[in-house]
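Number of protein chains: 2
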Amino acid sequence: MSDTVDPPRHPEGATGEPPRQARAVATRGAILAAAAEEFAARSYHEASLSRILERSGVTKGALYFHFVSKESIALAVVDEMERLCRGMVERCAALGLDPLRTAAQIAREMQDALDGPELRAGQRLCGEGLAGPQRPGWPFAFWQEVFTDLFLRADAAGLFVPAVDPSSFARTIVDVSAGAFVASLATTELTDLAQRVCENWELLLGAAADPAWLEGWRATGGMGAVLGPHLGRR
Amino acid sequence: MSDTVDPPRHPEGATGEPPRQARAVATRGAILAAAAEEFAARSYHEASLSRILERSGVTKGALYFHFVSKESIALAVVDEMERLCRGMVERCAALGLDPLRTAAQIAREMQDALDGPELRAGQRLCGEGLAGPQRPGWPFAFWQEVFTDLFLRADAAGLFVPAVDPSSFARTIVDVSAGAFVASLATTELTDLAQRVCENWELLLGAAADPAWLEGWRATGGMGAVLGPHLGRR
Chain A
1 MSDTVDPPRH PEGATGEPPR QARAVATRGA ILAAAAEEFA ARSYHEASLS RILERSGVTK
61 GALYFHFVSK ESIALAVVDE MERLCRGMVE RCAALGLDPL RTAAQIAREM QDALDGPELR
121 AGQRLCGEGL AGPQRPGWPF AFWQEVFTDL FLRADAAGLF VPAVDPSSFA RTIVDVSAGA
181 FVASLATTEL TDLAQRVCEN WELLLGAAAD PAWLEGWRAT GGMGAVLGPH LGRR
Chain B
1 MSDTVDPPRH PEGATGEPPR QARAVATRGA ILAAAAEEFA ARSYHEASLS RILERSGVTK
61 GALYFHFVSK ESIALAVVDE MERLCRGMVE RCAALGLDPL RTAAQIAREM QDALDGPELR
121 AGQRLCGEGL AGPQRPGWPF AFWQEVFTDL FLRADAAGLF VPAVDPSSFA RTIVDVSAGA
181 FVASLATTEL TDLAQRVCEN WELLLGAAAD PAWLEGWRAT GGMGAVLGPH LGRR
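Protein sequences, first through last, are from chains A and B. So the first sequence is residues 1 to 234, counted in the UniProt record's numbering. So the second sequence is residues 1 to 234, counted in the UniProt record's numbering.
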C-alpha cells in the first residue's frame, strides 16, 4: 500500500515507515480534505475526481482502495459535516447560556465552521440531494429537532411572547438559515452570509422574544455581538 | 424528422401531416415536459436521460436533434421556470393590490405553480448549481429585486413599522422562501410547504407591518386566506 511519495507524516514514522493502518488513515484524511475543498467550490456534478486526486496528492489506486465512487466520497464528506454539527450543538449546550442565547451561539458556530471547507461542502452536497439514505431529512430534520428543543425550553422559561409556537418558530429559523446559505452562495459566494444571518436573527428574535429578554440581549450587543468577527469581514 | 409514432397533435395536422416546424415544437415541448417531471422527482445527478426519453415518447435521435446533453435539457427547464416566475410577477402586479398584499400574492402564485413540475424542477436544478451562467444569482437575485421594489413602495406608503429596512426585509423573505422549499423538500417531499410558508409570512409580516395595515390584513383572514386551498391539502 505504498500510496504516496510523501515522507511519513506520523510520529510513528519517526523511526521508520508508519504502520499500514496509520498510513491508511492519513491517506483517507488527505482524500477527504481535498474532496471537501472540491465540493465546497463546485457543485457535485461539476466536481471532478481528478482534481480531488491532484489536491490530495494520493494515487488513483489509493483513492479507489478507500472509496468506490465520487458518490461514496461525497457521502463521507457529509459524514464529516454531521460530526461537525453534532459537536457544535454539544459545545454550545455546555456553555450554560439561556436557550435563546444557546440557539444564537449555534448560528455563530455555524459561521465559524463555514470558514473551513467541510461544512460548506456538506451543505452544498445536501442541497444537491447527497445527504445519503442513512440520514433522512439531513440536516433539516436534525436542526429542526435541536431548535425545537431549545425553543420549548425558552417558552417554558417565559422567554417568548405568548403568541409564539416554539416548533413553528424552530421551522422558521431552519428555513431562514437554510435559505440564507443557498441565496448567499448563489448571489455573493457567501460574502454577505454573516450579514444576512445577523439581520434575520435580529428580526425574528425581535418578533418572538419577550421584551424583558430582548432588553438584556440588546444591552449586550444583540446578534451583532454574537457574530462579532464575521461581520464585515468576508 | 419522423420522431414520434403518435398521430399529429396539432390542428394543422387535421388535413394531413403537421408542418415540420410545428412537429419540432411539439417534440421539444414533449421532451421539456418529461424533463420537468424527471428533474422535479430526482436530483440532477440521479435524473436519467433514458427515463426522460421514455416519458416523452420521442426517439433518442429526436432528443439529440433538440438537445446536446442532459445539462442543456436542464438549462431549458430553468428557462421555463424563468418564464413562469416573470409571468407570476406581472400577473400579481396587475391585480392593483397594495405592495404587501402583492408580495403575499406572489407567494400564493408560487404555491399554485408548485402543483406543476416546471417550478419544482427549476427550483431543484437551481439549488444544484444548474441555473446557467446566463442567469447569475438566479432565482435569488431576481426575487431580491422584485421584493425590494415592493417593500420600498410599502415603506413609502407607511405600511412598515419604522425600524424595518425594506431591502433587508426583502432578503429575509427571499431566505425564508428559499429555505422553506429546500427544508420541506428534504423532510416532507413538500407536503408541509404551504403550512411553512403560511407561518413564515404571518410571523414576518407580524414583525414588520404597520399595526393599522395588520389589522385590515387579519380582518380579511391574513396569509391563511391568501394561501387558501393549499393549506392542509397536499
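Bear in mind the hints are in silico, worked out from the structure with no lab data behind them. Possibly wrong hints are sitting among the right ones.
Said to hold, decoys possible - With a cut-off of at most 35 angstroms between alpha-carbon atoms, the simulated DSBU-like pairs for lysine-lysine come out as follows:
1) A:K60 with B:K70
2) A:K70 with A:K60
3) B:K60 with A:K70
4) A:K70 with B:K70
5) B:K60 with B:K70
Enumerated hints in conflict with the structure, sorted upward: Checked against the structure, no hint fails, so every one of them is satisfied.
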